[in-house]
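*Asks:* Below, each chain spelled out in residue letters.
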Amino acid sequence: MEMIKIINLHKSYGDLEVIKGIDLDIKSGEVVCIIGPSGSGKSTVLRCVNRLETPTSGRIIVDGKDIMDPDTDINHVRTEAGMVFQQFNLFPHMTVLDNVTLGPVKVRKMPRSDADKLGLALLEKVGLADKARNYPEQLSGGQKQRVAIARALSLKPKVILFDEPTSALDPELVGEVLEVMRQLASEGMTMVVVTHEMGFARDVADRVIFIDDGVVQEDSNPGDFFSNPKNPRLRDFLGKVA
Amino acid sequence: MEFHFDWSVFFESIPMLMRGVKFTIVITLGGLSLGFFLGALIGLMKLARHAFPRTVAITYIEAIRGTPMLVQAMFLYYGVPMALGIRIPPLTAGIIIIAVNSGAYIAEIVRGAVQSIDPGQTEAGRSIGLTRSQTMLYIVWPQAFKRMIPPLGNQFIISLKDTSLLMVIGVGELLRTGQEIVAVNFKAFEVYLAVAVVYLAMTLSIAKGLRMVENHLDMKTTR
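Same order as they appear, the protein sequences are chains A and B. In short: position in the first sequence from 1, add 267, done, that's the working numbering. In short: position in the second sequence from 1, add 2, done, that's the working numbering.
Rather than coming from a laboratory, the hints here were simulated on the basis of the structure. We put the beta carbon where it would ideally sit given N, CA and C, even for glycine. One should not assume that every hint holds.
Stated by the list, open to error - 20 Å max Cα-Cα, derived DMTMM-like pairs, lysine to aspartate or glutamate:
| id | chain 1 | residue 1 | chain 2 | residue 2 |
| --- | --- | --- | --- | --- |
| 1 | A | 423 | A | 404 |
| 2 | A | 332 | A | 365 |
| 3 | A | 398 | A | 443 |
| 4 | A | 507 | A | 464 |
| 5 | A | 373 | B | 182 |
| 6 | A | 425 | A | 292 |
| 7 | A | 272 | A | 365 |
| 8 | A | 398 | A | 446 |
| 9 | A | 272 | A | 297 |
| 10 | B | 148 | A | 404 |
| 11 | B | 148 | A | 365 |
| 12 | A | 423 | B | 216 |
Said to hold, decoys possible - Just some of the chain A residues that point at chain B, by a computed CB distance under 7 Å:
| id | residue |
| --- | --- |
| 13 | 305 |
| 14 | 350 |
| 15 | 354 |
| 16 | 358 |
Produce the complete structure using the sequences and hints provided.
*Replies:* Printed below as a string of structure tokens:
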């Protein structure tokens with residue numbers, strides 16, 4: 268079953284066209300990594316999926332709902348498609364637990380005690396139950412991102428969108444975040460991950476997609492993608508990052 | 003003519019000034035409470051997606067900031083009743099003028115503070131399914147409010163001092179009370195000095211109070 272279907276997506280900022288016609292299907296349970304040079308439009312594609320960016324044209328279907336349809340409740344779609352940001356974007360004025368329970372309490376109208384139980388379970392899952400009463404500023408970057416993952420999970424989404432989740436981290440903190448993502452993948456979570464972590468893409472992804480110059484240049488399984496890339500731009504890119 | 007500073011006049015005038023202080027405080031508190039709501043509303047309107055509320059907000063802010071408060075007071079108290087055929091009691095007029103005047107400045111404070119919050123905060127709020135207003139209420143506003151406190155403190159002090167202009171519409175506030183005392187004893191130096199000292203005591207209290215609020219908020223979170 269298709270979780271996300273992107274049809275002929277275009278996105279321009281003024282005269283600058285950053286997405287030049289992208290088609291993409293992501294099935295339920297799939298882990299898809301999107302890689303590409305900076306400025307290639309890969310984050311923009313991800314941000315169009317939950318309409319943080321409004322597509323210029325094209326269609327995006329998330330869990331059967333057309334996000335461009337005026338009758339679609341975009342807030343509901345966003346609860347089905349959680350997002351993890353490069354800069355974490357935790358709420359600094361709330362405790363770690365409140366960061367995780369805000370969605371369940373305000374969006375799902377869950378009673379406080381149930382939300383706290385859920386929040387603590389999710390923090391346990393990312394290994395941070397002992398930080399529940401701390402404020403985000405008291406955490407390391409890796410811990411912040413794990414809280415952000417717990418927050419994204421708090422509404423029990425069907426898919427999680429990761430926008431360069433480890434790019435803002437010190438190298439020694441990348442591993443703990445990837446570990447949590449690996450665990451999610453093994454539990455069957457549908458994941459779309461914009462990343463520069465080639466190792467993660469190779470080991471965890473079911474499919475790897477290379478976006479450059481606003482179009483999909485390559486879309487294949489990790490084996491072929493890394494060992495036998497067909498697209499010359501991808502060969503060039505892999506040569507630079509490897 | 004020799005001038006002697008008369009301490010007894012200075013000290014005796016202070017209790018007499020308290021009647022005026024009461025009005026000054028009532029007008030300041032009333033005017034600023036209303037002014038804060040008005041300013042928050044206008045400030046958010048200036049950030050609205052639609053052009054109409056933005057235009058209303060900009061017109062209001064420019065009109066108030068671009069004219070002297072003294073003129074606004076005379077216009078409301080003497081001008082408006084002629085057009086509407088109703089009399090506005092001086093105290094009510096004073097509160098309205100402080101509210102309308104401070105509202106324009108507070109609107110700019112609110113707008114600036116809200117705009118200074120990282121757009122990533124709004125994105126994170128929307129990404130968990132919060133509506134626009136929920137995101138403002140639970141995420142942006144609490145963070146912006148903290149940043150508003152120092153400039154709001156400034157505005158509170160300015161508005162408190164501006165209440166002295168209301169003597170022209172006959173509000174019995176602090177400066178007018180001082181003037182009435184001078185009219186009787188002609189001790190302008192002592193009495194107006196006492197008036198100044200009482201204003202200073204009030205503005206210093208505001209500054210102190212705001213520092214306490216800031217420290218309290220700092221203890222609650224670190225950012």
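*Asks:* When the structure is checked against the list of hints, which entries are broken? Sort them ascending.
*Replies:* Hints 1, 2, 5, 7, 12 and 13 contradicted; others consistent.
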